[in-house]
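K.L.:
Construct the entire structure; sequences and hints are all you get.
Top to bottom, those sequences are chains A and B.
Take the first sequence: its letters are residues 532 to 869, numbered as in the numbering used here.
Take the second sequence: its letters are residues 532 to 869, numbered as in the numbering used here.
These are calculated hints, taken from the structure and not from any lab test.
For glycine and all other residues, C-beta sits at the position ideal for the given N, C-alpha and C.
Treat the hints with caution; some may be incorrect.
[To be verified] With a straight-line Cα cutoff of 27 Å, these simulated DSSO-like cross-link-like pairs (lysine-lysine) come out:
#1 A:735 - A:656
#2 B:570 - A:699
#3 B:570 - A:580
#4 A:735 - B:580
#5 B:735 - A:570
#6 B:826 - B:656
#7 B:580 - A:570
#8 A:672 - A:539
#9 A:735 - A:647
#10 A:699 - A:844
#11 B:570 - A:844
#12 B:672 - A:539
#13 A:580 - A:570
#14 A:656 - A:570
#15 B:672 - A:672
#16 B:656 - B:570
#17 B:656 - B:672
#18 A:580 - A:735
#19 B:570 - A:735
#20 A:672 - A:647
#21 A:580 - B:656
#22 A:672 - B:539
#23 A:656 - B:656
#24 A:570 - B:844
#25 B:580 - A:580
#26 A:580 - B:735
#27 B:699 - B:735
#28 B:570 - B:580
#29 B:735 - B:580
#30 B:580 - A:656
#31 B:647 - B:672
#32 A:570 - B:699
[Unchecked claim] If you only want the chain B side, here are some residues facing chain A, beta carbon under 8 Å, derived:
#33 542
#34 547
#35 570
#36 573
#37 582
#38 585
#39 589
#40 664
Protein chains: 2
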Amino acid sequence: MEPFKDDKVLLAHGSGGRLSHELVERGFLPAFDNPLLSKLDDSAVFEAKGRLAFTTDSYIVTPIFFPGGDIGKLAVCGTVNDLSMSGAVPLYLSLSFIIEEGFPLSDLGRIVTSIKEAAEEAGVKVVTGDTKVASRGSVDKLFVNTAGVGVVPHGVDISASNARPGDKLILSGPIGQHGIAVMAMREGLKFATAVESDCAPLNKLVAEMLEVSGQVHCLRDPTRGGLATTLNDFATQSDVGILIYEDMIPVSDEVRAACEMLGFDPFHVANEGRLVAVAAPDDAQGIVERMRQNKYGAEAAIIGEVREEHRGKVVMKTSLGASRIVDMMVGELLPRIC
Amino acid sequence: MEPFKDDKVLLAHGSGGRLSHELVERGFLPAFDNPLLSKLDDSAVFEAKGRLAFTTDSYIVTPIFFPGGDIGKLAVCGTVNDLSMSGAVPLYLSLSFIIEEGFPLSDLGRIVTSIKEAAEEAGVKVVTGDTKVASRGSVDKLFVNTAGVGVVPHGVDISASNARPGDKLILSGPIGQHGIAVMAMREGLKFATAVESDCAPLNKLVAEMLEVSGQVHCLRDPTRGGLATTLNDFATQSDVGILIYEDMIPVSDEVRAACEMLGFDPFHVANEGRLVAVAAPDDAQGIVERMRQNKYGAEAAIIGEVREEHRGKVVMKTSLGASRIVDMMVGELLPRIC
Chain A
532 MEPFKDDKVL LAHGSGGRLS HELVERGFLP AFDNPLLSKL DDSAVFEAKG
582 RLAFTTDSYI VTPIFFPGGD IGKLAVCGTV NDLSMSGAVP LYLSLSFIIE
632 EGFPLSDLGR IVTSIKEAAE EAGVKVVTGD TKVASRGSVD KLFVNTAGVG
682 VVPHGVDISA SNARPGDKLI LSGPIGQHGI AVMAMREGLK FATAVESDCA
732 PLNKLVAEML EVSGQVHCLR DPTRGGLATT LNDFATQSDV GILIYEDMIP
782 VSDEVRAACE MLGFDPFHVA NEGRLVAVAA PDDAQGIVER MRQNKYGAEA
832 AIIGEVREEH RGKVVMKTSL GASRIVDMMV GELLPRIC
Chain B
532 MEPFKDDKVL LAHGSGGRLS HELVERGFLP AFDNPLLSKL DDSAVFEAKG
582 RLAFTTDSYI VTPIFFPGGD IGKLAVCGTV NDLSMSGAVP LYLSLSFIIE
632 EGFPLSDLGR IVTSIKEAAE EAGVKVVTGD TKVASRGSVD KLFVNTAGVG
682 VVPHGVDISA SNARPGDKLI LSGPIGQHGI AVMAMREGLK FATAVESDCA
732 PLNKLVAEML EVSGQVHCLR DPTRGGLATT LNDFATQSDV GILIYEDMIP
782 VSDEVRAACE MLGFDPFHVA NEGRLVAVAA PDDAQGIVER MRQNKYGAEA
832 AIIGEVREEH RGKVVMKTSL GASRIVDMMV GELLPRIC
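P.N.:
Pasting the structure below:
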């Protein structure tokens, strides 16, 4: 990215004046070039019809560059995934930076490139944005907020409150990779095999799932709080019991080893490219087979079912045949994970 | 707000686990109660039809409480106004907090109440949100991001690129109050009369302007960079010249005195409840008269006109009859103003 050389971000880049305009025109517009953004009005205006989904997330992950991604890719994938989890086709993103004075413009350039690439993969456009610069020490390096708008296709009705007894639970792949990748980078831990973040846009995977079944009832990406929190959300919001089988839940050897070493429960570790679905029992196997054809669902598996019993609770059959309650995380596992 | 007593925000309030859920359920849902938000899905889903406007801003103002408002009111008004400046009727907001560990929950409660009140005044709903907590020293107290969605009424076409020679420029009220109020609070300055921020939602004012005229061509709220930056945006984006008359631009005695003392140009000082409009010459006076009936437009005035000459430039006739170029701000006047 040409305009971002080795210089630093200045307070004046956030002043709204000349340097702000230059940053937008030379740094951001070439990356995100589209007619909605390039009008540079206070809002982007576009035609829409039907049910729209709208979501937001702020990203404060540290370090901002980690194995498998960076804060920019994370911000795009996180918001694309939140839209997708409502069954929406993501269309437009807003992008807001809060940058520490003195942050290297070259690093900002890397992040902008990463956002551009992730947005291209997901097929979404950055149509509006904002840049603030805070004095040294007021913000740790760089924070990103993305909001997103998508369209929910006709007939799609997905909500964490739609799980019904008898439904099957589907997980798209191994858990815990994002959290362990970030943590290992932060703490300088080395494992035999490097763990990479699973950070990925899941909108195409969701579209394929909805192609093969009209009976996907719930979708959620188990980010902060991990799989345990998502399953508890389903149990509470749908007022059902959830039973999962430990043996069926994929966890890589590296993640398992890291969790054992650190005393983490992989069920509480954040993911940024996984989803959990609740679907009608007759459709579940077909959905899993379709998911396995997508690289982000290659290890998809049925991991349990929805029950009438123990409403509001998640119960796991362990490898040894015992049952245990899987609770939401109570404290803080790892701050600034996303 | 009952649940926000004298306790502090903990890292676990941002973990996605139990305490995050409690904060949302006890702290946020009662304030912003509406069916879209209370589903607590990853996105809010609503019906829409026509042209939509979409915008975002992050707010890092310091101090977070200032005369005439706080960061919460600012975040609502700023996004409501950005939508309004595209001629849109604002409908829905997202709300994302980044909070420093240890921030008083009672202050968070004040900010939430302020957001609720500003949203009620503007008639918008907070439908989706996010809360992150960063460890002490990683963020200065609290940052807020709002994104917003609105509907552009049929036939409305407002853009900073629509100004035409002959059009009149209208300003809704005295300039510089927000910037001076924040700066005075920050620096502990005292003036004979306290200056209050002009922070206000302008959507109803805009709706009234559009009622009396179909020939409002441009609208913009002169925030960071002040009136000078907004006028330069119009001149550049519409490729026209702009002529304004110093005598016609309202500046309060307090703001003028503060600017003289501090060496600021009131044209570069931020406003958060003012707008500049460009409208067809025959309609301008009628628009101004209608604006004066609204408390946020009580001092509305025609301040100049759009010209064929000196394209891309803003020229001011001074009180003494001289002409000077009004340029965009080049450096940084006052960081963290919004």
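K.L.:
Now tell me if each hint is right for this structure.
P.N.:
Against the structure, the hints:
Of the supplied pair hints, the one linking residue 735 (chain A) and residue 656 (chain A) holds, its CA atoms being roughly 15 Å apart against a limit of 27 Å. Straight-line distance between C-alpha atoms of residue 570 (chain B) and residue 699 (chain A) comes to about 22 Å, which keeps the hinted pair within the 27 Å bound. Restraint check: the Cα-Cα separation between residue 570 (chain B) and residue 580 (chain A) comes to about 22 Å, which is no more than 27 Å; the hinted pair holds. With a C-alpha separation of about 25 Å, the suggested pairing of residue 735 (chain A) with residue 580 (chain B) holds against the 27 Å cut-off.
With a CA separation close to 24 Å, the supplied pair residue 735 (chain B) and residue 570 (chain A) stays within the 27 Å bound. For the suggested pair residue 826 (chain B) and residue 656 (chain B), the alpha carbons sit about 23 Å apart, so the restraint of at most 27 Å is met. At roughly 22 Å between alpha-carbon atoms, residue 580 (chain B) and residue 570 (chain A) fall within 27 Å of each other, so this suggested pair holds. Taking the CA atoms of residue 672 (chain A) and residue 539 (chain A), the gap is near 12 Å; set against the 27 Å cutoff, the hint holds.
At roughly 17 Å between alpha-carbon atoms, residue 735 (chain A) and residue 647 (chain A) fall within 27 Å of each other, so this suggested pair holds. A threshold of 27 Å between alpha carbons decides the hint, and for residue 699 (chain A) with residue 844 (chain A) the separation of about 16 Å falls inside it, so the pair holds. A threshold of 27 Å between alpha carbons decides the hint, and for residue 570 (chain B) with residue 844 (chain A) the separation of about 19 Å falls inside it, so the pair holds. For the hint pairing residue 672 (chain B) with residue 539 (chain A), the CA-to-CA distance comes to about 24 Å; that is within 27 Å, so the pair holds.
Of the supplied pair hints, the one linking residue 580 (chain A) and residue 570 (chain A) holds, its CA atoms being roughly 22 Å apart against a limit of 27 Å. Proximity of residue 656 (chain A) to residue 570 (chain A) is assessed by CA-CA distance (about 14 Å); at most 27 Å being required, the pair is judged to hold. For the hint pairing residue 672 (chain B) with residue 672 (chain A), the CA-to-CA distance comes to about 15 Å; that is within 27 Å, so the pair holds. Taking the CA atoms of residue 656 (chain B) and residue 570 (chain B), the gap is about 14 Å. The hint holds against a cut of 27 Å.
With a CA separation close to 25 Å, the supplied pair residue 656 (chain B) and residue 672 (chain B) stays within the 27 Å bound. In summary, the hint linking residue 580 (chain A) to residue 735 (chain A) is supported, as the alpha carbons are separated by about 21 Å, within the 27 Å threshold. For a cut-off of 27 Å, the pair hint linking residue 570 (chain B) to residue 735 (chain A) stands: about 24 Å separates their Cα positions. In summary, the hint linking residue 672 (chain A) to residue 647 (chain A) is supported, as the alpha carbons are separated by about 20 Å, within the 27 Å threshold.
For the given pair, residue 580 (chain A) sits about 20 Å from residue 656 (chain B) by alpha-carbon distance, which is consistent with the 27 Å threshold. At most 27 Å may separate the alpha-carbon atoms for a hinted pair to count; residue 672 (chain A) and residue 539 (chain B) meet this at roughly 24 Å. Note on residue 656 (chain A) and residue 656 (chain B): the hinted pairing holds, with a Cα-Cα distance of about 25 Å set against a maximum of 27 Å. Taken as a hint, the residue 570 (chain A) and residue 844 (chain B) pair is honoured in the structure, with Cα atoms around 19 Å apart against an allowance of 27 Å.
Taken as a hint, the residue 580 (chain B) and residue 580 (chain A) pair is honoured in the structure, with Cα atoms around 4 Å apart against an allowance of 27 Å. Between residue 580 (chain A) and residue 735 (chain B) the CA atoms are separated by roughly 25 Å; this keeps the pair inside 27 Å, and the hint holds. The suggested pairing of residue 699 (chain B) with residue 735 (chain B) holds, with an alpha-carbon distance near 21 Å, which does not exceed 27 Å. For the proposed pair residue 570 (chain B) and residue 580 (chain B), the alpha carbon gap of about 22 Å is at most 27 Å, so the pair holds.
Straight-line distance between C-alpha atoms of residue 735 (chain B) and residue 580 (chain B) comes to about 21 Å, which keeps the hinted pair within the 27 Å bound. As the CA atoms of residue 580 (chain B) and residue 656 (chain A) are separated by approximately 20 Å, the hinted pair is consistent with the 27 Å bound. Under the criterion of a C-alpha separation no larger than 27 Å, the hint pairing residue 647 (chain B) with residue 672 (chain B) is consistent with the structure, at around 20 Å. Proposed proximity of residue 570 (chain A) and residue 699 (chain B) is supported: the alpha carbons are some 22 Å apart, at most 27 Å.
The interface hint given for residue 542 (chain B) is met, as the beta carbon of that residue sits about 4 Å from the closest beta carbon of chain A, less than 8 Å. Taking 8 Å as the C-beta contact cut-off toward chain A, the hint placing residue 547 (chain B) at the interface holds, the least distance being around 3 Å. About 6 Å separates the beta-carbon of residue 570 (chain B) from the nearest beta-carbon of chain A, less than 8 Å, and the hint is met. Given the 8 Å rule on beta carbons, the hint for residue 573 (chain B) holds: about 4 Å separates it from the nearest Cβ of chain A.
Annotation: residue 582 (chain B) was flagged as interfacial toward chain A, and the flag holds, the nearest CB pair being 5 Å apart, inside 8 Å. Contact between residue 585 (chain B) and chain A, as hinted, is supported at the beta carbon level, the nearest pair being about 5 Å apart and thus within 8 Å. This hint holds: residue 589 (chain B) has a C-beta 4 Å from the nearest C-beta of chain A, less than the 8 Å allowed. With a cut of 8 Å, the hint placing residue 664 (chain B) at the interface with chain A holds, because the nearest CB-to-CB distance is about 7 Å.
Of the hints listed earlier, there is not a single one the structure fails to meet.
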